[in-house]
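Trainee: Chain residues, written in single-letter form:
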Amino acid sequence: MAKYSILIYGDEAYYASLTPEGVAAVMDAHGAFAKAVGELGGQLLGGEELDSVSTATSVRGGAVTDGPFVETKETLGGFYLVEARDLDHAIEIAKLCPAPTGGIEVRPVVDHS
Amino acid sequence: MDDVTRALEDAHRREWAFVLAATVRVAGDLDLAEECAQEAYVSALAAWQRDGVPRSPGAWLTTAARHKALDALRRASTLRRKLPLLVEPVEADATGRAAGQVLDAADGGWAAGGTAGGGVPDDRLRLLFTCCHPALAPEAQVALTLRLVCGVPTPDVAHAFLVPEATMAARITRAKKKIQGARIPYRVPAAAELPERLDSVLTVVHLLFSTGHTAPSGAALVRDDLCERAVDLARTVVALLPDEPEARGLLGLLLLTHARRHARTDPEGRLVLLEDQDRDRWDPVLVSLGLKLTAEALTAGPAPGRFALQAAIAGVHAAAPTFADTRWDRVVGLYDRLLAVWDSPVVALNRAAALAFLPAPDGGPEAALAVVDTLAADPRLAGYPYLPAARADLLRRLGRSTEAAAAYQESLLLTQNAAEQAFLAGRLAAVRP
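Line order of the protein sequences matches chains A and B. Each residue of the first sequence is one higher than the one before, starting from 1 at the first, in the numbering used here. Each residue of the second sequence is one higher than the one before, starting from 1 at the first, in the numbering used here.
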């Protein structure tokens with residue numbers, strides 16, 4: 001087994017426009033995803049939702065600036081850390097991760113052990 | 001050339017993938033496996049000159065390469081690689097013998113060249129599916145397939161795609177690193193993923209053929225060696241996955257297209273359009289084989305896929321005694337079915353070109369031009385040289401010379417292939433008042 005990060009990219013404006021029912025539906029989808037990872041034989045090691053990029057602060061060579069490090073339309077909105085057998089398995093898991101706008105980037109995590 | 005050298009060259013061409021793929025399983029590393037396979041071919045020269053060519057050269061080479069890999073691993077066991085390739089353990093076959101344990105079997109014990117029995121997939125399939133994994137960039141998939149599955153040296157791969165050798169070497173190295181780093185498994189996909197993954201493999205083989213069929217730039221229109229590598233690969237895929245109609249469809253398509261290769265250029269190397277080709281110069285053996293495979297691909301499944309349908313279109317052309325006798329109604333009908341399974345603007349453009357040969361008002365150059373003009377707005381066709389070329393041809397046939405000349409000029413600016421440029425320049429000169 002190896003560790004992979006599941007990076008969720010999307011359009012923040014979409015999430016901001018959701019009704020309370022819409023937010024609940026997204027949360028349910030993430031709950032279902034968390035369950036599905038185990039059913040697929042993987043393991044969910046962790047994950048967080050990131051606050052809006054409007055709250056981001058960048059530090060570059062000591063200089064502090066407002067905003068994300070890289071300006072993009074689709075921003076990193078959250079991530080999971082999962083354990084999977086191989087890339088195919090990690091992709092199988094990533095396909096179930098909710099990303100109503102944008103998509104998912106799968107990146108292996110370097111094993112320093 | 002002596003017999004041993006000839007046998008060795010033959011074994012390289014036919015069995016390289018087999019030798020390498022089986023060695024990867026022992027080496028657990030693509031680079032080490034490649035080195036060992038190459039060393040095995042080198043050592044074969046002296047050994048075969050001394051002892052004669054073995055009954056099964058592929059088995060001899062595989063055994064030699066796998067021994068070399070084991071030796072290398074023993075020597076390096078203290079600094080064992082951190083990230084070995086993800087080689088799936090092999091299920092034992094029907095006889096209870098795991099396919100990975102035939103290392104010391106006698107020559108004959110190794111079923112060289114054929115599909116392994118007992119449901120154990122041939123190692124060449126693992127190699128092919130790994131090289132064509134969708135997580136790799138398309139150009140890397142093609143390069144890796146040529147390098148690893150076909151055993152083409154990196155300088156020749158670079159030459160085939162007209163990039164500097166260093167660029168190609170870096171591309172191949174990067175792809176190998178990704179296979180190892182992201183842990184792309186060395187295995188044949190499960191049945192559920194097979195259709196999608198097979199499509200990826202067939203796309204690579206088709207791209208390889210197209211690259212050879214109309215070399216993207218340079219003086220020659222066709223690079224036969226690339227086309228033949230692609231045909232060999234398609235043949236291998238059909239042999240290894242005989243129940244996949246799309247593989248059969250692709251091989252049919254390639255054979256029907258390859259059959260026309262001698263008619264596509266004149267003795268001076270100039271492009272000859274399908275319309276003007278001497279059909280007696282089409283290879284009759286390839287045509288009949290291609291038609292047979294196409295028929296099998298079309299009738300095998302519930303709904304033919306995109307390669308089977310493309311093969312069927314090539315088949316209608318192959319079956320027409322002359323260009324004028326082409327069943328354009330069938331061609332257009334097949335393009336409609338093709339568009340239904342594969343929404344590609346290039347397919348729509350080809351359909352429009354065929355439509356021009358049907359009677360007006362539904363067909364004819366005027367109706368076709370209207371379709372082409374609509375397609376011109378599709379951003380996916382921006383910079384595609386065959387779009388202005390198709391427009392130019394329709395305008396020429398409608399007698400609209402000034403507009404035709406402008407379209408030929410536009411197409412000329414977009415194509416890099418010298419044979420095509422010469423053809424377009426000739427057409428341009430002919431329509432200029």
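Just so you know, the hints here were simulated from the structure itself, not pulled from any lab data. The model shown is predicted, which means the values in this text are computed figures rather than measured ones. Just to be clear, a hint being listed does not mean it is correct.
[What the hints assert, rightly or not] When the alpha-carbon atoms are kept at most 16 Å apart in a straight line, the in silico EDC-like pairs for lysine to aspartate or glutamate are as follows:
(1) B:Lys178 x A:Glu105
(2) A:Lys3 x A:Glu71
(3) B:Lys177 x A:Asp86
[Unchecked claim] Sample of chain A residues lacking proximity to chain B, with all beta carbon distances greater than 10 Å (derived):
(4) Tyr15
(5) Val26
(6) His30
(7) Arg60
(8) Gly61
Glycine residues also receive a C-beta, built at the ideal position from the N, C-alpha and C atoms.
Trainee: The structure should be examined with respect to each hint, and the outcome stated for every one.
Mentor: Now the hints, each set against the structure:
With a C-alpha separation of about 15 Å, the suggested pair B:Lys178 and A:Glu105 falls inside the 16 Å cut-off, and the hint holds. With a C-alpha separation of about 28 Å, the suggested pair A:Lys3 and A:Glu71 falls outside the 16 Å cut-off, and the hint is violated. Simply put, B:Lys177 and A:Asp86 have alpha-carbon atoms about 15 Å apart, close enough for the 16 Å limit, and the pair holds. Every CB of chain B is more than 10 Å from the CB of A:Tyr15 (nearest about 28 Å), matching its label as outside the interface.
The beta carbon of A:Val26 is kept farther than 10 Å from every beta carbon of chain B, the shortest such distance being approximately 27 Å. At roughly 24 Å, the least C-beta separation between A:His30 and chain B is larger than 10 Å, which holds for a residue marked as non-interface. Every C-beta of chain B lies more than 10 Å from that of A:Arg60, the closest at about 27 Å, which supports listing it as non-interface. The Cβ of A:Gly61 lies farther than 10 Å from every Cβ of chain B, with a closest approach of about 29 Å, so its non-interface assignment holds.
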